[in-house]
Amino acid sequence: MSKLIQLRQRSKAIETIKKITHAMRLISMSTHSHLQHMQDSLTRYTREVDQLFSQLITYAPTWRNPILHPNENSSPKTAIILIGSQKGLCGSFNTQLTKLFTKEIGERNEQSFDLIAVGQKAVDFTKSSEQGDLKQSYAKFNAQRLVPIAREITQLLIDAKPHYTSVLIFSNLPKSFFIQKPQVTELIPIIPPESSEPADKNEFAWEESPESLLNTLLPQYLESKLQHFEFQSLIAEHAARFISMDSATRNAKELLEENNLEYNKLRQTKITKELTELIGSYT
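Here this note's numbering is used: position 268 in the sequence shown is 268, and no number is missing along the way.
Pairs of lysine-lysine residues, derived as PhoX-like cross-links and limited to a Cα-Cα distance of at most 20 Å, are as follows:
#, residue 1, residue 2
1, LYS253, LYS18
2, LYS3, LYS273
3, LYS87, LYS19
4, LYS175, LYS99
5, LYS99, LYS181
6, LYS99, LYS127
7, LYS87, LYS181
8, LYS77, LYS161
9, LYS87, LYS18
10, LYS77, LYS103
11, LYS103, LYS181
12, LYS135, LYS161
13, LYS3, LYS270
14, LYS140, LYS127
15, LYS127, LYS87
16, LYS265, LYS253
17, LYS265, LYS12
18, LYS12, LYS253
19, LYS87, LYS99
20, LYS87, LYS140
21, LYS265, LYS3
22, LYS253, LYS19
No lab work stands behind these hints: they were computed from the structure.
Work out the full structure: start from the sequences and follow the hints.
Rendered as structure tokens:
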């Protein structure tokens, strides 16, 4: 096969890849914009639930729940929720997360723990790493699945018998559009809000006790926390994929220009040679 044919075929291949990466770039940008529109309402909802829960705790400083306040009768196991991406092609998004996971597990010296994997890449990692006991997995992870996944995980934590001594969440946090940072957050046990002194119960007329309201609000509190971390991971994933595909598209464009330049130079050389031979045959 001649060099010209090889260069022509290479240009077609690069052009095809460039179209794919450009399309994925546009999809990620569109999805990220859609998620940003959802962010304000979800953040406001999470903040309101947090404030209500924290306020109720000040009215019931002695309140204890076996789910959020494990005791010596609780299971010695830790539950770890690993939130990865649904798809690949998002740079070091999943690599940084799994490195943090491996590092934290080693430092904490966790010998036995239950795993809940969210996102196809997190599911793949947990199955290949053979660390912990995979209790539940959610390979399909998108904006429409945020609430159902959070609700199922909340119910799993509530129904665990005996309850977990701690629950850790490994996820990515978008520091900015261009920076996504992996983090580990301790969901359980709960850290009580800082308060100088217990609030006065006589401030309100209570139809139910603060303790009863806290027990009722507990599932909603856990669910809102899980939704928050899932959403932050999802919006960080699409930002990372946009950056990765944008870089790939620009690299493909540069490579295509270099390849076309080489093709034109070689074609010009060939034409010049043929003309020279043609002129020489008439002299």
